[in-house]
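**Q** Chain residues, written in single-letter form:
6 protein chains.
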Amino acid sequence: MAEKKLFDYQNNENVALFVVVKGAEVRLAKNGKKFIAFTFEDSSGQITAKFWDASETDITSFQAGKVVYLTGKRELYQGKPQIKLFKLRLAQEADHQTATDFLPKAPLSKSDLEQEINQAVFAITNPNWNRIVRWILQRHQTEFFDYPAAKTNHHAFEGGLAFHTVTMLHLAQAICAEYSFIKQPLLYAGIILHDMGKTIELSGAMATTYTLAGNLLGHIVLIDEEIVRACTALKIDPSSEELLLLRHVILAHHGRKEYGSPVEPEILEAEVLHHIDDLDASIMMLQGTLEHTEPGNFSERIFGMDGRHFYRPEMKVIDPKTD
Amino acid sequence: MAEKKLFDYQNNENVALFVVVKGAEVRLAKNGKKFIAFTFEDSSGQITAKFWDASETDITSFQAGKVVYLTGKRELYQGKPQIKLFKLRLAQEADHQTATDFLPKAPLSKSDLEQEINQAVFAITNPNWNRIVRWILQRHQTEFFDYPAAKTNHHAFEGGLAFHTVTMLHLAQAICAEYSFIKQPLLYAGIILHDMGKTIELSGAMATTYTLAGNLLGHIVLIDEEIVRACTALKIDPSSEELLLLRHVILAHHGRKEYGSPVEPEILEAEVLHHIDDLDASIMMLQGTLEHTEPGNFSERIFGMDGRHFYRPEMKVIDPKTD
Amino acid sequence: MAEKKLFDYQNNENVALFVVVKGAEVRLAKNGKKFIAFTFEDSSGQITAKFWDASETDITSFQAGKVVYLTGKRELYQGKPQIKLFKLRLAQEADHQTATDFLPKAPLSKSDLEQEINQAVFAITNPNWNRIVRWILQRHQTEFFDYPAAKTNHHAFEGGLAFHTVTMLHLAQAICAEYSFIKQPLLYAGIILHDMGKTIELSGAMATTYTLAGNLLGHIVLIDEEIVRACTALKIDPSSEELLLLRHVILAHHGRKEYGSPVEPEILEAEVLHHIDDLDASIMMLQGTLEHTEPGNFSERIFGMDGRHFYRPEMKVIDPKTD
Amino acid sequence: MAEKKLFDYQNNENVALFVVVKGAEVRLAKNGKKFIAFTFEDSSGQITAKFWDASETDITSFQAGKVVYLTGKRELYQGKPQIKLFKLRLAQEADHQTATDFLPKAPLSKSDLEQEINQAVFAITNPNWNRIVRWILQRHQTEFFDYPAAKTNHHAFEGGLAFHTVTMLHLAQAICAEYSFIKQPLLYAGIILHDMGKTIELSGAMATTYTLAGNLLGHIVLIDEEIVRACTALKIDPSSEELLLLRHVILAHHGRKEYGSPVEPEILEAEVLHHIDDLDASIMMLQGTLEHTEPGNFSERIFGMDGRHFYRPEMKVIDPKTD
Amino acid sequence: MAEKKLFDYQNNENVALFVVVKGAEVRLAKNGKKFIAFTFEDSSGQITAKFWDASETDITSFQAGKVVYLTGKRELYQGKPQIKLFKLRLAQEADHQTATDFLPKAPLSKSDLEQEINQAVFAITNPNWNRIVRWILQRHQTEFFDYPAAKTNHHAFEGGLAFHTVTMLHLAQAICAEYSFIKQPLLYAGIILHDMGKTIELSGAMATTYTLAGNLLGHIVLIDEEIVRACTALKIDPSSEELLLLRHVILAHHGRKEYGSPVEPEILEAEVLHHIDDLDASIMMLQGTLEHTEPGNFSERIFGMDGRHFYRPEMKVIDPKTD
Amino acid sequence: MAEKKLFDYQNNENVALFVVVKGAEVRLAKNGKKFIAFTFEDSSGQITAKFWDASETDITSFQAGKVVYLTGKRELYQGKPQIKLFKLRLAQEADHQTATDFLPKAPLSKSDLEQEINQAVFAITNPNWNRIVRWILQRHQTEFFDYPAAKTNHHAFEGGLAFHTVTMLHLAQAICAEYSFIKQPLLYAGIILHDMGKTIELSGAMATTYTLAGNLLGHIVLIDEEIVRACTALKIDPSSEELLLLRHVILAHHGRKEYGSPVEPEILEAEVLHHIDDLDASIMMLQGTLEHTEPGNFSERIFGMDGRHFYRPEMKVIDPKTD
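Residue numbers (UniProt numbering), protein chains in the order written: chain E, 1 to 323; chain C, 1 to 323; chain F, 1 to 323; chain D, 1 to 323; chain B, 1 to 323; chain V, 1 to 323.
By construction, these hints were calculated from the structure, which means they are not laboratory data.
Just to be clear, a hint being listed does not mean it is correct.
Copies of the same chain look alike in the list, so a pair counts if it works inside one copy or between any two.
[What the hints assert, rightly or not] Using 20 Å as the maximum straight-line C-alpha spacing, the simulated SDA-like pairs for lysine to any residue come out as follows:
#1 K73 with F35
#2 K34 with K80
#3 K73 with L28
#4 K110 with R134
#5 K84 with F35
#6 K84 with V26
#7 K73 with N11
#8 K33 with A49
#9 K34 with L85
#10 K151 with T48
#11 K257 with R301
#12 K316 with N130
Work out the full structure, taking the sequences as your base and the hints as a guide.
**A** As structure tokens, this is what we get:
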């Protein structure tokens with residue numbers, strides 16, 4: 001719709017729009033009264049605001065997940081945009097607002113993502129890898145197409161997990177075309193499963209946190225466990241060479257032990273999968289930061305990129321591809 | 001018996017005894033002829049020797065696992081003892097020699113080790129932990145009491161895996177007595193299972209190598225897989241808190257990600273298990289080196305101890321405990 | 001006594017009790033007035049509170065070391081408990097309160113600690129090590145049984161230094177029982193002396209800071225200096241092998257140069273002492289954090305444990321040992 | 001042709017073929033006589049051999065670059081194949097052998113490589129980047145299509161530098177198709193120039209060594225110098241934003257300062273170029289090792305891949321793409 | 001003049017003096033009003049102050065670079081001195097104040113610095129090194145004698161760059177006197193040019209920031225570019241050995257790749273230059289901190305010195321040199 | 001004298017001269033006979049040679065420390081010069097040769113070194129520092145002017161320890177002249193004592209090894225012990241500020257804990273001493289390597305300089321200082 005979004009407003013401009021409450025933390029002000037530290041979100045991004053002298057009713061009403069109508073002013077505070085609140089009210093039935101409409105989403109629709117995944121599964125010509133991928137996909141289907149790929153950092157949006165997977169499949173296809181000796185079915189199977197354990201490690205698409213299993217076991221071990229379970233169900237030997245290869249590709253995908261892989265890549269496809277994963281995560285992290293940076297300026301320093309900051313050029317480049 | 005062992009001989013003393021061939025690598029000498037680089041072993045340790053101008057018959061006869069009667073002279077070569085070979089012959093039936101009698105063994109007998117393990121299992125009072133430990137022990141019983149705890153470094157002898165486990169249980173008992181808030185059943189269950197995956201990771205007690213599953217998955221993931229399998233068989237929920245705790249204790253036992261644990265200790269018992277494992281491995285590695293070092297000298301530098309060398313004191317200490 | 005302690009109160013409950021002022025830092029509020037940032041303490045732990053618009057009389061009265069009667073409300077501020085102050089008054093003679101009664105103390109009484117240390121000294125059968133330990137103990141007796149083992153982190157309570165030492169002696173006894181080749185007298189002498197330099201490095205039991213000698217020389221060099229002094233007094237050769245061993249065990253007890261040991265363990269007992277020290281410090285640091293964590297939750301991240309956080313399980317374990 | 005190559009022979013098989021002398025190092029044997037340590041090469045790979053009791057004539061004749069006819073036997077020495085020499089003679093005119101025919105070459109012909117590069121230059125639509133790339137290409141054309149991409153490790157063959165560049169351009173095209181916000185002209189210009197400094201850093205295609213400029217300045221600074229020179233020649237401002245971007249992309253392409261980049265990637269295209277470079281180098285290094293590894297075995301440990309070894313699977317995978 | 005400077009005042013003393021506005025950041029207070037976070041400076045150092053409820057006129061008037069007359073009180077806030085503002089007014093013509101008079105300056109006058117540099121240039125007896133140094137000096141003369149040597153940390157004052165260079169020349173002279181085999185002309189040429197790129201990397205003497213070229217290329221590459229340009233202008237071969245040596249000495253002066261040198265010292269003079277640079281920077285950083293530390297106290301922790309803090313002794317030392 | 005030294009001969013030139021046996025290691029050849037691996041030395045450097053088929057008489061005669069008359073030929077073996085032995089005989093009385101005349105020596109005579117040290121002691125105007133330095137110097141005088149400064153690496157020659165100290169004093173003088181705020185007496189006292197512990201850590205000037213005290217305590221703790229002893233003898237308080245400063249300067253002189261300093265520099269003079277020590281050691285290590293490198297070549301990689309190799313330029317530089 002043509003309605004203005006959070007990031008369509010300029011600094012020092014008055015704002016009036018529906019947003020969803022992403023976070024609402026109650027704190028104690030120095031004057032002893034309570035205030036709510038809000039994070040609001042719509043599909044254009046997230047912004048913070050402070051609600052001073054909050055009553056118990058305010059605290060009860062304005063909770064995470066609610067759609068609210070917000071009036072205020074966008075301002076700059078220590079270099080970051082925030083909202084100075086004028087007024088806040090809950091959306092009512094008559095407003096016809098749905099919370100999930102406000103969440104950022106993957107650029108591809110769920111049905112497009114499903115179709116891409118299905119095509120890739122079709123290309124896994126080794127029967128056992130194919131059966132295992134399908135068995136696991138079926139059990140985690142709902143979460144796989146709904147969850148983000150990470151709590152923060154990159155692909156932290158609804159459908160992010162499947163979108164990250166599909167992008168990696170595209171890159172894998174191009175790489176296999178370049179290097180004919182890579183086993184494409186193994187690489188595809190590995191990519192589809194590599195982050196599937198996040199459907200157990202994370203709590204969901206909204207207010208994402210780590211589950212206890214996520215904290216104590218981690219998504220790498222969790223998906224390996226699923227593969228073993230699939231083997232039992234499908235009567236496939238989990239210690240045959242083809243299964244050891246598939247499991248290794250997934251266990252090793254963080255590339256180094258210090259990043260949480262219990263083994264490091266020791267077959268070609270494991271090394272390649274790790275590179276593709278790293279490449280897509282880096283580009284998405286960078287792009288997520290640069291799209292909120294003004295041309296001619298450096299971004300904030302990005303924790304997940306060794307604390308580097310990145311420059312968004314002023315110049316326009318004529319790109320025959322897109323122009 | 002009163003027969004002299006390999007390390008009962010002095011340098012420059014003639015030797016004549018039965019030993020087992022631990023390794024026999026055929027190489028090409030600079031004169032173009034083949035020679036065999038032997039490693040001989042008896043229960044006192046290992047020593048090397050070169051067999052020059054080896055015929056094809058020699059190569060076929062003197063293979064790893066054979067018992068041989070060796071005459072020669074112990075000498076020092078670049079600071080290490082070796083045997084200068086005079087003559088070598090295969091043991092014959094009449095010699096009444098059995099290869100396994102020559103391998104170093106754990107200081108406790110197999111039945112003592114079994115009894116100790118059984119007592120510890122008995123002390124695991126949580127029913128699900130107890131059932132899982134027993135289910136897995138039963139499946140790996142033979143290997144568990146036969147395998148070494150590592151390919152080299154420490155406890156690299158027959159029964160080493162069970163002996164390492166039993167020593168850790170002793171230390172755990174003392175630590176639990178000191179700190180009453182440690183959950184002893186969880187610590188015991190974790191200790192018994194923590195290295196059980198080595199029965200799959202390693203190839204066996206003689207000429208130990210890594211299996212393909214050992215290389216590509218590693219013993220930490222391999223034992224976690226067994227626990228999941230035990231849960232299926234015993235109808236225990238592998239994602240209940242009690243199971244997450246047990247699995248975490250084992251997954252985290254290397255203490256740091258860079259040492260191959262996919263997660264780092266995040267519960268008390270995981271931290272304690274890691275310390276006990278490290279303590280026993282360090283002491284055994286040190287002792288194994290120091291017992292071949294002359295009093296008043298430094299040992300060789302030990303790779304597994306950050307390349308440090310260790311001093312064996314000359315002085316005798318009157319120890320009321322042992323004297 | 002049956003009086004409620006600081007950590008017996010729940011969040012949002014009104015509190016009224018005597019506590020000791022552990023810290024009282026005067027700061028400037030944004031309105032230009034002074035306030036006092038208090039840390040209060042009793043034997044159950046420490047908690048902070050802010051005292052706004054402090055007069056000069058307030059500042060003079062409510063200083064570190066004073067016992068005060070406090071009324072207020074326990075609240076949660078950014079996930080940590082704090083006190084919202086209603087009123088504060090100094091304890092008066094009639095209240096019969098003594099500051100030192102409010103400090104956390106070692107679980108063992110001073111006389112129990114002394115008895116344990118004496119027994120261990122008795123077991124040091126090497127005459128020279130025995131005489132040196134007794135000579136140094138006598139010079140630092142008062143501080144040794146009074147000081148904490150560290151400024152913060154672990155055993156940061158009255159008597160913590162001696163308690164840490166005694167716990168390590170218990171563990172050492174069990175370890176020597178398991179590995180008969182360890183020289184128990186050397187290990188005992190090393191343990192008793194290893195942190196004795198902290199009686200010079202630290203300023204005392206209350207408001208503990210580092211002394212200039214502590215900063216510029218460190219407790220490891222300070223205790224080595226004492227041993228040299230003991231040798232002079234007792235006419236023992238400080239460069240004899242037995243003295244080099246004792247001094248090495250102590251100099252190397254941090255295990256690695258980057259942790260401040262000028263030499264790394266190069267004899268067996270030095271390696272073992274380092275492990276015991278590390279084990280006890282880790283367990284006490286963890287336990288100190290977990291006892292203030294709610295079951296089913298993760299603790300805060302612990303700086304001294306590589307920034308890890310730890311989970312306190314919900315489940316109860318039937319422990320035959322303690323139940 | 002159907003003639004057998006070096007790596008078409010099995011171990012212990014007699015060999016008889018023309019090869020080129022890649023290296024010929026004269027050394028002193030223990031008997032005081034000289035021998036030549038040869039490295040022979042043909043398009044299938046490299047192998048070593050020792051030539052005992054070499055006369056001065058032998059030493060003068062059999063020098064690097066010469067084609068020789070070799071008879072001998074392929075053998076295994078410490079796990080690596082080598083040739084036991086029977087006889088060696090120089091190729092004569094009548095043999096119609098040319099040294100350069102024996103060198104391994106890029107899988108694409110020089111004219112194909114040129115055509116690919118030209119197409120990519122055509123796609124650099126920014127006029128200044130385009131002119132600079134063409135100016136530099138023209139000056140280094142001969143070396144660029146002739147040199148290897150590295151002294152050892154990867155693409156260490158004739159034409160390797162251009163082949164590495166062309167492969168990276170293919171990958172870049174696929175990546176730009178996936179992420180439309182990447183400036184393709186900048187990425188292409190960066191890729192074509194990124195390793196061009198190696199034409200100055202290295203000595204050539206045969207017996208490749210580092211030049212003095214290569215050692216003291218390195219190829220990254222050397223190519224930046226060329227860009228500055230191009231700017232002078234073409235009257236382009238080297239400190240304009242478009243030039244700073246191009247130079248940064250190239251200076252940062254090693255990704256981290258410790259790998260020799262004076263600055264780390266701080267624009268999107270620099271980050272992407274670094275990933276593509278790393279990906280192609282890793283795959284080529286791996287493939288170069290795996291093609292000399294037997295199926296079902298692990299390769300040697302690869303220095304440039306953190307000392308990891310890699311497994312070559314036994315199983316065949318039906319790949320719809322290539323089958 | 002005898003007027004009191006900022007650091008001549010004690011804590012809690014009223015202040016009244018002219019200072020220059022070094023920084024003036026506008027922020028939003030919690031009450032929704034704007035305030036200015038000031039940094040004031042005079043030749044004795046820098047101090048901060050907050051200006052509450054700032055009007056738009058205030059914001060427009062009190063900008064960086066302005067001289068202001070300030071009345072207030074020096075106070076301690078979280079261990080650091082700050083000014084509590086009473087009143088602030090712009091200096092007027094009648095006050096006869098010039099902003100640049102308030103900036104800290106190098107201890108040597110500009111003409112002294114010039115004379116020292118000229119003498120050193122005179123000692124560069126190799127004709128090509130001499131011509132290049134003079135060509136570059138001439139182009140950057142103004143900035144070289146005006147700029148600081150770093151944005152913060154050390155020599156962050158007007159003329160700091162030339163002063164740092166002159167001090168290094170003094171040290172180099174003493175070192176060459178001690179080690180006669182060092183090539184003094186090469187060392188001198190390297191020192192004069194080593195940080196000259198900072199005249200491009202930094203924005204100037206006031207409110208110093210990094211330029212885009214500084215961020216994307218860095219001062220090490222920028223000065224190498226100038227040398228290449230000088231070679232072109234003076235018709236000197238930039239790839240001759242003497243030029244490679246000079247360029248290497250400068251490229252390597254950060255000593256290690258991780259500190260931004262694309263190559264590490266590989267000739268004697270490069271190693272020596274790095275040590276001299278490091279020594280002078282360390283001493284100046286330390287001295288800048290210690291002169292604001294009270295005797296008998298430790299300084300704050302210094303980020304650029306691995307986070308160490310430094311002690312300023314109480315004792316006076318009779319120094320025959322200065323007393 | 002005009003006699004040719006070891007390094008006056010060219011490769012492939014016959015040699016005939018007196019040298020001293022620096023090392024004589026008896027090893028077993030592959031033919032089962034013994035040979036002696038010699039290291040010969042004269043004041044120009046060290047060279048190796050192998051003596052084949054050594055008889056027991058040879059082994060007894062040609063031991064370390066003996067002067068021998070050697071005829072043979074200098075050759076290159078794997079890039080390093082060695083001697084091919086023709087004949088070897090012990091020097092006889094009539095040859096008038098003394099072993100110590102063949103050892104490399106410090107460039108300054110012992111009496112010059114003593115005079116320099118005495119002058120520096122004279123400049124230590126603080127009475128207590130002065131008395132301590134003189135007390136310690138007196139006890140270690142003989143060794144101090146005789147020992148090397150290190151076992152290998154740098155200043156590994158007779159008198160090297162005192163020469164290293166004197167060079168550092170020269171540099172310190174120049175640095176104090178540049179930075180008037182450095183306490184010269186403290187720096188001088190620190191320099192004279194900083195490596196004095198090496199007279200206990202090392203075994204002597206010939207065939208230098210580490211003593212047991214050197215291994216287990218290290219020279220840093222050993223000299224601190226001497227200072228404490230000096231305090232006792234001279235009735236100086238070792239915990240006064242002036243003594244803490246002196247001891248800190250010495251304890252911290254390795255600069256970082258990982259290099260064996262139990263504390264890191266926390267006063268100005270400690271930081272400066274560390275830099276001077278590092279500078280002199282680096283230059284001497286480099287020079288020792290470069291003087292055996294041909295102009296226009298790179299040296300071997302130097303272990304003590306992070307494995308870097310160094311280039312010795314071909315060009316001659318006209319140095320007004322020395323020409």
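**Q** Would you mind marking each hint as holding or not holding in the structure?
**A** Status of the hints after comparison with the structure:
no.	hint	verdict
1	K73 with F35	both (18 Å within a copy, 18 Å between copies)
2	K34 with K80	between (23 Å within a copy, 15 Å between copies)
3	K73 with L28	between (23 Å within a copy, 13 Å between copies)
4	K110 with R134	within (18 Å within a copy, 45 Å between copies)
5	K84 with F35	both (13 Å within a copy, 16 Å between copies)
6	K84 with V26	both (17 Å within a copy, 16 Å between copies)
7	K73 with N11	within (8 Å within a copy, 36 Å between copies)
8	K33 with A49	both (17 Å within a copy, 15 Å between copies)
9	K34 with L85	both (16 Å within a copy, 16 Å between copies)
10	K151 with T48	within (18 Å within a copy, 32 Å between copies)
11	K257 with R301	between (25 Å within a copy, 17 Å between copies)
12	K316 with N130	between (45 Å within a copy, 15 Å between copies)
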